[in-house]
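Undergrad: Chains as they are written, first to last, in our numbering: chain A, 1 to 113; chain B, 1001 to 1118.
None of these hints come from the bench; they were simulated from the model. This structure is a prediction, so every number in the text was calculated from the model and none was measured. Just so you know, even glycine gets a beta-carbon here, dropped at the ideal spot from N, CA and C. The reader is advised that the hints may include incorrect statements.
[Said to hold, decoys possible] Taking beta-carbon pairs under 8 Å as the criterion, some of the chain B residues facing chain A (in silico):
{"#": "1", "residue": "P1043"}
{"#": "2", "residue": "G1072"}
{"#": "3", "residue": "D1074"}
{"#": "4", "residue": "T1076"}
{"#": "5", "residue": "F1109"}
{"#": "6", "residue": "G1110"}
[As the list claims (entries may be wrong)] Dumping the calculated DSSO-like pairs for lysine-lysine here, alpha-carbon to alpha-carbon at most 30 Å:
{"#": "7", "chain 1": "B", "residue 1": "K1016", "chain 2": "A", "residue 2": "K71"}
{"#": "8", "chain 1": "A", "residue 1": "K42", "chain 2": "B", "residue 2": "K1016"}
{"#": "9", "chain 1": "A", "residue 1": "K42", "chain 2": "B", "residue 2": "K1011"}
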Amino acid sequence: QQQVKQSPQSLIVQKGGISIINCAYENTAFDYFPWYQQFPGKGPALLIAIRPDVSEKKEGRFTISFNKSAKQFSLHIMDSQPGDSATYFCAARNSGGYQKVTFGTGTKLQVIP
Amino acid sequence: EAGVVQSPRYKIIEKKQPVAFWCNPISGHNTLYWYRQNLGQGPELLIRYENEEAVDDSQLPKDRFSAERLKGVDSTLKIQPAELGDSAVYLCASSLGGPGRRFTGELFFGEGSRLTVL
């Protein structure tokens, strides 16, 4: 059962452009929404995260936009650089139990010069 | 500070053979996870440990997979016998948290063990 739906599957952006990755969820028990970045041959690493009581969070060139009513959130990468080429996963943490983190299917981003 | 260490990085085996993966989490992290990542997919939780107790193993195929975390530090994930469909990257992660401590939500992953079953 896929609880976090992510799109697009792949994305090609020119250097300096804006990369946008979207995620949607159904489970209203999710209370924390991290994004992970994964380079080839490496494990995922936390990039940025947001809580549902905030509509936007910005860290450098990376911004999360969160729409609680629509149960959607997105990652925006401004001024995309070739070094941003990686696979990005959205995720969601369950507020109950052992606070399980569920990942989306990933978006492979390629930033071309 | 050392990160999560996994070994081996790569393993190629024939189907029906056994295989084992080892993980050493970040010092002080009492929560340890094993995830499986199929090609082009996100990580999927296999098992989660709080110290030496397996608290969530609902997604672990118990007929062929087993895991242990002796002394609440290192962990081993075993597959016996391996099947073609087990080919994937097995990721170990650790985090702060556990009984009495709120999980921050950040998982620290190792580089993974890539398994190919022929």
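Undergrad: Now, for every hint given, state plainly whether the structure supports it.
TA: These are the hints, each one checked on the structure:
1. P1043: Where the cut-off is 8 Å and the nearest Cβ of chain A is about 5 Å from P1043/B, the hint holds.
2. G1072: violated (16 Å)
3. D1074: violated (17 Å)
4. T1076: violated (18 Å)
5. F1109: Hint holds; F1109/B Cβ to chain A Cβ min 3 Å, cut 8 Å.
6. G1110: holds (5 Å)
7. K1016/B - K71/A: violated (44 Å)
8. K42/A - K1016/B: Distance ~28 Å between K42/A and K1016/B Cα, so the pair holds.
9. K42/A - K1011/B: Given pair K42/A, K1011/B holds - Cα atoms ~16 Å apart, limit 30 Å.
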